[in-house]
Amino acid sequence: MPRRWLSGVLAALLTSFNASTALAEHEHSSSEFEVFVAAEGLAGPGQPHRRDDDSWFNADVIFGMTREKFRVFGEYFITPEEHDLERFQVGYELVPDTMVWVGRFHQPASGWNTEHHHGRYLQTAITRPTIENWEDEEGLIPQHITGVLVESRRPLGREAGLQVSGGIGASPTLSTGGYSPINLIDNNPGRHGLSLTARLAYLPEYVGTSSTGLLYGHDHVFLRSAAASAALGSSRATLGIYGAYADLAVGDWRFIGAAYYADIQLDGPGRDESFVSGYIQAERQLPYHLTAFARTEDSARMQKSRYVSLFDDHSGDIDITLRRLAGGLRWDYARRQALSLELSHVVSLDKRAYQARFQWSAAIP
Amino acid sequence: MKIVLAKVYAALMLSVVLFLCAIAPADAGEELVLIVSAQSNIDPLDSTLVRKLFLGLTVNHLGSRLRPVLNESDERIKELFLQNVVSMSDSNYDRYILRLSLLQGRTQPVVFKDKKKLIDAIAADPSAVGYVWAKDVAHDAHVKILRVLWHD
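If you read the sequences in order, they're chains H and B. Start counting at 1 in the first sequence, then tack on 959, and there's your number in the numbering used here. Start counting at 1 in the second sequence, then tack on 4, and there's your number in the numbering used here.
Next comes chain H alone, as it looks inside the complex:
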C-alpha cells in the first residue's frame, strides 16, 4: 500500500522535472533528472546469491529540483530484487554553499559513499570497498540516516577550502544479517537510536575535486532480534567510528583511500570490541579513454568480532570481506557509457576466492 502512494508522488515529481528546464521560461527554478544504469556479470566461486548492489542489473534514479534557495532531492535505487528510496532530502541554502537538509541522507562520515553514492557509472572500479558497503550488502557502518544534515564549504585563504558536514538523526536497528535503516515509505519495527556523524575536510582547491579529512560517527544501535541480542549478550550497541580519508587527483592519477577504527561498546555483560579496516585505490587515466585501477583492502580483528559475525547471514555468499586485492580496466567507449573489467582475490570470514567481474554502466541522458 505505501508503495502505491510512493508511485504517485514519484510520478508527480518526475512529470514536474522537465529535463529541458526552460532557461528561457525565465523562472528561477530548475530541475534535474538523471538515471545511472549498470549491468554486471560475475564469475567465480563463493557468490551464489547476488547482493543488491551486485545484482546483474541496477538503475539509480536521481531527481532534484531547485527553486531559489530551496532544493528537493531524491535517489531511488532499483534492482530486480529490490527498489528503495535511498535518499529523500528537502534543503535550504542558508548562504552560498551551505545547505541544511531534512530527510533521509547518506551519512557524511564515509570516504567513498559521499563521492559515489549509488551511481555505479561514476566509480571507476566495479566493486566498492567492503567497509563502505550499504546496509543491504551486510555493510558494517550505518549509512542511511533520517534526520538533519548540514553541509558547508567555506574558502580558506586564496585558493583552498574547508568542507564541514554534520548529521544528526535516527540510526538503523540491527538484527542478524544486517542493519535496517528508517524506511520512509514502509513500517519501521524496532527502536531507532541516535546517530551523530561528521566530516571535516580540507580542499587544496576550493573549486577542485581533491580533498582530505577526518570522519566521525557515533551510532546507538538497538538490536531487534532475540538471536542477535543473545549472540552479543546485549540489547544495544554503541558504535564509534573514527576515520581519515583522502581523495586526491594529481594529473592523470587519482588516489582514494580511507582508514576506519570502529569501537563497539555493548550494554550488559558482553565484552566491548573494536576493529580496523581500510583501503587505498589508485587510478590512472590512459590513452584511448582507458583507465586502469588497483585497490587493496585490509582489516584487523574483524574475524574475531562477534558484532561483525552478526552480519554474516550464512547464505554461502561472500558477505564480509576481510582482505581484497582488486585490479582492472575501464573503457569509456562512448559519451556517458563505459565497460569495466575487474579481477580480484578475496579473503572473507570463511573462504578465499578469485572473482572476475564485467560491467556496462551508463548515465542517461
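Note that these hints are calculated values from the structure, not bench results. Every value quoted in this text rests on a predicted model; they were computed, and no experiment measured them. Careful, some of the hints might be misleading.
Stretch by stretch, here's where chain H covers chain B in the computed footprint (C-beta under 8 angstroms, at least three residues) [as the list claims (entries may be wrong)]:
id	stretch
1	57–70
2	94–104
3	108–118
Where chain B lies over chain H, by a calculated footprint (3+ residues, C-beta under 8 angstroms) [to be verified]:
id	stretch
4	1072–1082
5	1255–1266
6	1286–1298
Note that beta-carbon positions come from the ideal geometry of N, C-alpha and C, so glycine has one too.
Keeping the supplied structure of chain H fixed, place chain B upon it in accordance with the hints.
Quick look at chain B alone, frame taken from chain H:
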C-alpha cells in the same frame, strides 16, 4: 600545349586558394567572451568566480543566483572553455557535472547546441551567464559582454 594548360590551371588554382585564404574570416583576432543579458546588472566576474559558476557552485549577485549556460554549438568553443575556464578534460568535466546531481541535488548547467538559441535564452534571463564568439554578439543589443575569456 597540354603542359602549358596544366601550368596555367595550377597557377589559377593556387591563386584561388591564396585569395580564399585572404578573405576567409581569420582566426587571428578571435575572442571568446562571457555574456549576460543587457537587462542584467551583473558586474564583471573574475576568473575564479567564473570557474566556480561553471563548476556548479553557488555564485550570487545582488541576491540572485547566477545560472551557467554551456555552449556546445562549436567544437572549438567547447575546447577553449574546457582549457581556459574549468581547466579539465572533456570526460573529467562531464563526470564532474554528473556528480553535481548526485552530491547535493545540484542542477547541471543547461547545454545549448545552437548559438542563436543560446544568445536568445541569455538575453531573456538576467541571471544567465554564457560564452560565445565576440563576433556573434558584436551588434546584438540584447546581450552585453562581461569579459574576454580567451583571445587569439
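Comparing the hints with the structure gives:
1. 57–70: With 7 residues in contact (Cβ-Cβ under 8 angstroms with chain H), the coverage given for the stretch 57–70 of chain B holds.
2. 94–104: holds (count 6)
3. 108–118: holds (count 6)
4. 1072–1082: holds (count 7)
5. 1255–1266: violated (count 0)
6. 1286–1298: As far as the stretch 1286–1298 of chain H goes, the hint holds, because 3 residues have Cβ atoms under 8 angstroms from chain B.
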